[in-house]
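For the record, in the sequence shown the residue sitting at position 101 is 86 according to my numbering, with numbers rising by one throughout.
None of these hints come from the bench; they were simulated from the model.
Don't take every hint at face value.
[What the hints assert, rightly or not] Mimicking SDA-like on lysine to any residue, the simulated pairs with C-alpha atoms at most 20 Å apart in a straight line are: (1) Lys64 / Asp47; (2) Lys3 / Leu15; (3) Lys3 / Leu92.
Since the structure is predicted, the reported quantities are computational estimates derived from the model, not experimental observations.
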Amino acid sequence: MWKRRERKPLAVDIDHMKVLNQEAIEQLELMSTALEASELATGTMRDSLDTMAENHWHSYMDIIHMVSMHDEDFAATMKKQGTDLRDEEDSEYAERKFAGNRELLLLLLLALIRRHQRFIQLWALRSSPMTDYFKESMAMEREHTSEIIAIIQGMV
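Can you make the complete structure from the sequences, with help from the hints?
In structure tokens, the structure reads:
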């Protein structure tokens, strides 16, 4: 007769999580650069830069989806925020909302970049004497990151 065993959570590959967070930073920086450049542009150039920024946001959300596949706690936090990782909004609606909130959006992108840098630092602390600190800090960072993502998702 087979005995039922409790499912053990899968171990998180720390190096992979660092790579995913670094890629998230890259996408956010590229998006930020496109948004900053679009502020100085007009006409079709501005539209093209806005489209690039939107594409970088979608790439970022794909990375967040991968992170949440490997980090169940992050997935739960994102779900609690009500953020749909595969939500594709109408492009025209996104462009209209983009225009009025560029400065706020740029500041929120900087906040997300800083959060992902913090994730990389916290993953480096794992398996050190700071395990309790790691758990508390990681929970807070997950919560704050998901809140910022939800805010930006509502803007983009």
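Now for the hints, and whether the structure bears them out:
| no. | hint | result |
| --- | --- | --- |
| 1 | Lys64 / Asp47 | holds, 15 Å |
| 2 | Lys3 / Leu15 | holds, 18 Å |
| 3 | Lys3 / Leu92 | violated, 23 Å |
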